[in-house]
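Hey, can you work out the whole structure from these sequences and the hints?
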Amino acid sequence: MLYEVHARLLDFLQPSIQALQDFTILSGQAFRNIFRKPHYGEDIAMQADGIGVGSLPIVILTGFFSGAVMALQMSKALAQYGASGQVGQIVSVTLVRELGPVLTALLVSGRNASGIASEIGSMKVTEQIDAMRALGTDPIQKLVTPRLIATALTLPLLTIIADFVGLFGGYLMSCVFLNLTTSNQYWTTAYRALDFQDVVHGLIKPLIFGMIIALVGCFEGLRTKGGTQGVGRATTEAVVKASVWVFIVDLMITQIFVSMPRW
Amino acid sequence: MPPVLSFDRVTVRFEDQAVLDRVTFTVQPGETRILFGEAGSGKTVLLKTALGLVHPESGMVKLFEQEITGLKEKQLFDVRGRVGMLFQEGALFDSATVEENVAYPLLNRSVDGVKPDRFPEIERRVLRALEFVELEHTLEKFPSELSGGMRRRVGIARATVTEPALVLYDSPTAGLDPITANTIMALIVKERELRNTATVIVTHRYQDGQIMGNFRYDTTTGKIFPSPRVANTIFMVMRDGRLIFEGTQADLESSPDAYIRKFVRR
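These protein sequences, in sequence, are chains A and B.
When we follow the working numbering, the leftmost residue of the first sequence carries the number 1, and every step to the right adds one.
When we follow the working numbering, the leftmost residue of the second sequence carries the number 1001, and every step to the right adds one.
Derived by calculation from the structure, the hints in this document are not laboratory data.
Covered stretches of chain A, going by a simulated chain B footprint (3 or more residues, C-beta under 8 Å):
hint, segment
1, 114 to 127
2, 132 to 144
Counterexamples of contact, computed for chain B against chain A with all Cβ distances above 12 Å:
hint, residue
3, Arg1013
4, Thr1097
5, Glu1099
6, Phe1119
7, Phe1132
8, Glu1134
9, Glu1163
10, Thr1180
11, Gln1210
12, Thr1221
13, Ser1227
14, Asp1251
Cβ coordinates follow ideal geometry from the N, Cα and C atoms, glycine included.
In structure tokens:
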């Protein structure tokens, strides 16, 4: 009886453990390839263009509206305590520490983890990955490492842009439309509320989120099976898993920074 | 002469199922092997195992006398450079032009003294390979702009641009109309005859085997002509991962086995 339960538990856990092992191996190889030749600089630039420049419009839109909505939400709450002048501080701390990195990562995850998984998945089911190996190219070096580097580099940059645009959205809402505070006070409180640790906090997150998005997208793409249906499945899995991991890792990084003494 | 490819009791398992079961055979230089078998019988896995794309659970695979079973991926690149492979449906890179696809094997490594950075020489080799398959006018086209038969021909050009000693063809005529299929087979005969290449062809069509076994290429007319029973053509049949037949066309045609007879004169 006990043996049967044990065997069933093993059967249940085996696919997840296998997937974790494969993901760890893929990640290790992708990171190791950063320091190994050949380097595919053109592919990195192409991916950075697609992921970074391609995501810019949607990141700007989302950043702007999240900053504006936050200012609007805070307007009433702060007015109750006669602290309307502090709206800049709240918008900047929330955006830089939390909303900027997470929202940008979720957008890029939806847009690019799916794109990466479907592109690599299509290559897998049409045997292009096998052809690449047969023709003397390591698919991890050619496909995974450039995407890893490009996403890890561009996501922090996109987050910085989202933070600035969000602050501008908050400024428009609180200073121009609601007249909660003066322009000078808004920007001064927004600037003073942040210290170096917040900036580091806000940049480490997107760096790690970028790695997660690229690696999950590539992993799901590379293990695609079963034709076009399989590609669709891999795409969905990539977005869902990358998004869930963004939240989990966000909690972990926030916990680390919260428990650290202020610099 | 030493064999170009040999399998010695090779077994490949996917999960619990043996997709290749103790397969043993050898391919001599210049020899042609035609491999028949139903879908799922292990034909494609056999070709991929020969290239080291699939790793066997047991047994030994040798390419050009070098055992490849224990080699790591990067160690396999050199030996793979001496083998060409046409994948099912061609497996051309979607995002690359025909020229880039055919140049790919030359850009990755030095082949016969052609260094990856010597672009004029690479261009010349690419053009020659495309002229061989009569598609020299498609250099700038993308695979999506080509018909199924043209994609297969570009695949042949890519597989043979390095002039390998062994070429593996995975269902080169699958899904093509009879006229296009015969054009593809004529190209494969031409490749074999002009370069004395060892050839392994996986196919469902008996006609493909017949063309390989009974036709030769005439360099003066540029066409293939009947030449019954080309000596170095061996037929093989696979069933459920096992190699159940290996012999000449006459042996194949006289086999009493119902499964084997399914592949004769269809």
